[in-house]
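First to last, the protein sequences are chains H and R.
If you count by this note's numbering, then the first sequence holds residues 1 to 225, one letter each, in order.
If you count by this note's numbering, then the second sequence holds residues 1 to 225, one letter each, in order.
Everything labelled a hint here was simulated from the structure, so no lab data went into it.
Values in this document were obtained by computation on a predicted structure and should not be read as measured data.
Among the clues, some could well be false.
FRET-style restraints, in silico, Cβ to Cβ [unchecked claim]:
hint, chain 1, residue 1, chain 2, residue 2, range
1, H, A121, R, E103, 21 to 31 Å
2, R, T132, H, G39, 48 to 58 Å
3, R, D9, H, A121, 53 to 63 Å
4, R, R16, H, A158, 46 to 56 Å
5, R, E190, H, A37, 51 to 61 Å
Covered stretches of chain H (in silico footprint by chain R; criterion: 3 or more residues with CB under 8 Å from a CB of chain R, positions within the stretch not fixed) [stated by the list, open to error]:
hint, segment
6, 78-85
7, 98-104
8, 111-125
Note that CB positions come from ideal geometry on N, CA and C, so glycine has one too.
Protein chains: 2
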Amino acid sequence: MTDKIGTPDIHEDLRRRLITGGFVPGQKLKPDELRGAYGCSINTVREVLLRLSSAGLVTFQDQRGFRARESSLRHQHELTQMRVLLEQEGVAISMRDGGLEWEAQLTAAHHKLSHIEARIAALGAVEPVLDTWCAAEWEFHETLISACGSDLMRQTYAAIYDQFRQQLVTRETNFGYYPNNVAEHLGIVEAALARDEALCRRRIHEHLARNLLPLDATAPMRKLA
Amino acid sequence: MTDKIGTPDIHEDLRRRLITGGFVPGQKLKPDELRGAYGCSINTVREVLLRLSSAGLVTFQDQRGFRARESSLRHQHELTQMRVLLEQEGVAISMRDGGLEWEAQLTAAHHKLSHIEARIAALGAVEPVLDTWCAAEWEFHETLISACGSDLMRQTYAAIYDQFRQQLVTRETNFGYYPNNVAEHLGIVEAALARDEALCRRRIHEHLARNLLPLDATAPMRKLA
DNA sequence: AAAAATATAAATCTTGAAATTTCGACCCGA
DNA sequence: TCGGGTCGAAATTTCAAGATTTATATTTTT
Chain H
1 MTDKIGTPDI
11 HEDLRRRLIT
21 GGFVPGQKLK
31 PDELRGAYGC
41 SINTVREVLL
51 RLSSAGLVTF
61 QDQRGFRARE
71 SSLRHQHELT
81 QMRVLLEQEG
91 VAISMRDGGL
101 EWEAQLTAAH
111 HKLSHIEARI
121 AALGAVEPVL
131 DTWCAAEWEF
141 HETLISACGS
151 DLMRQTYAAI
161 YDQFRQQLVT
171 RETNFGYYPN
181 NVAEHLGIVE
191 AALARDEALC
201 RRRIHEHLAR
211 NLLPLDATAP
221 MRKLA
Chain R
1 MTDKIGTPDI
11 HEDLRRRLIT
21 GGFVPGQKLK
31 PDELRGAYGC
41 SINTVREVLL
51 RLSSAGLVTF
61 QDQRGFRARE
71 SSLRHQHELT
81 QMRVLLEQEG
91 VAISMRDGGL
101 EWEAQLTAAH
111 HKLSHIEARI
121 AALGAVEPVL
131 DTWCAAEWEF
141 HETLISACGS
151 DLMRQTYAAI
161 YDQFRQQLVT
171 RETNFGYYPN
181 NVAEHLGIVE
191 AALARDEALC
201 RRRIHEHLAR
211 NLLPLDATAP
221 MRKLA
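Whenever a hint applies, use it, and build me the whole structure from the sequences.
Now the structure itself:
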């Protein structure tokens, strides 16, 4: 799609701050203030924000500047819906086309993730290993669909996932982690390796549907704090 | 997502030129040249191109400027795949949630489209009513998924459709129009109104799969010229 | 003659300031 | 007290020029 901007640090750094809850939702993002932290001009910040806005992390209104995205329940629902759709389709194709290499990468990603989640269970808290866990969770889900053969699908999924993560981390929900993760991730891997598409689709839906809670009362409650 | 830019005309006009084949794929888009046509500054053009690049219509490389998107067969395949996925899911939800109002809008959109396509058949050429047909075709497909209740899904579909249209119009393929359109559009509407989800999904796939030709030899050949 | 190196030209990116628009406080009249 | 209007400050957008990078043409070397 597009490469990095002239000052890669700004783009990466702002993106990170946005998805890790560095800004409160709805907060105004003034190029003139952000400029100082990076020692660059207003216009450069402006370009970066313009890009982040098209990635969905930032909202933009003409003559009214940029804001950190505010998430309504409806938007979070739509986000989850899209994520389920893309992940189900991506994994289905991967199960069909993926070979031994994909299976190996998947088991590797799951191994790392489950190991980290075991540590979380032992510690009783996510915070100490939050960054590690976030990276592992992303790598796991990305690997699931990595053999789908479509860059477009993977890029679209990545954009959705970023917004998704932004919402999760922003809330006081123990950062989106909940104990059932361990069992559910394993279940997904098993179904994928067994090439049981229907089962895999169902388990992905169950795994992600917790976030549908507000609009889908049949889904199980997410663990809060 | 994002609103218009300060000079709406440039954004809309460049977008139009891109999806109607006003630039040859891969062509360099130099802000300094485009500036003249709109009487504005380089930076303004730059911002517009930056946005179009995130919409997928333009590619951007750091320090190497902008280009009109080049479509590989692979990319076109991925585009079609995503379009099928989104349209199938969108119409399925619309069939479930859409009421009388949706049915009315759908039949209206189809009526307009079929009327225009009848004229095309009579004339034996698309060009005279190309713009009208393009708009009607878009409105038909957009209406199909309009009751899905997800702005995110509709926006994502719109972005895919734009790229899709860009590829179609660029080629010398009679602008993507082919006679089977008439029957296929009707078949989709009938299945949708009958709330036959499986049939509707299948017909949408068949309708769009012609563009999968290069990578899916089982799909019927697109009519050329 | 082909390849590498250099010099020149062109295009891109960044910057700071001017022009335009929005936001908020204050004042006035009802 | 409330609604509307005016004014000033702040923020956003546009602009043109300077700095940096890339592309092209020419020369040099093997």
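Evaluation of the provided hints:
no.: 1; hint: H:A121 - R:E103: 21 to 31 Å; verdict: violated (52 Å)
no.: 2; hint: R:T132 - H:G39: 48 to 58 Å; verdict: holds (53 Å)
no.: 3; hint: R:D9 - H:A121: 53 to 63 Å; verdict: holds (58 Å)
no.: 4; hint: R:R16 - H:A158: 46 to 56 Å; verdict: violated (29 Å)
no.: 5; hint: R:E190 - H:A37: 51 to 61 Å; verdict: holds (59 Å)
no.: 6; hint: 78-85; verdict: holds (count 5)
no.: 7; hint: 98-104; verdict: violated (count 0)
no.: 8; hint: 111-125; verdict: violated (count 0)
Violated hints, in rising order: 1, 4, 7 and 8; the structure is consistent with all others.
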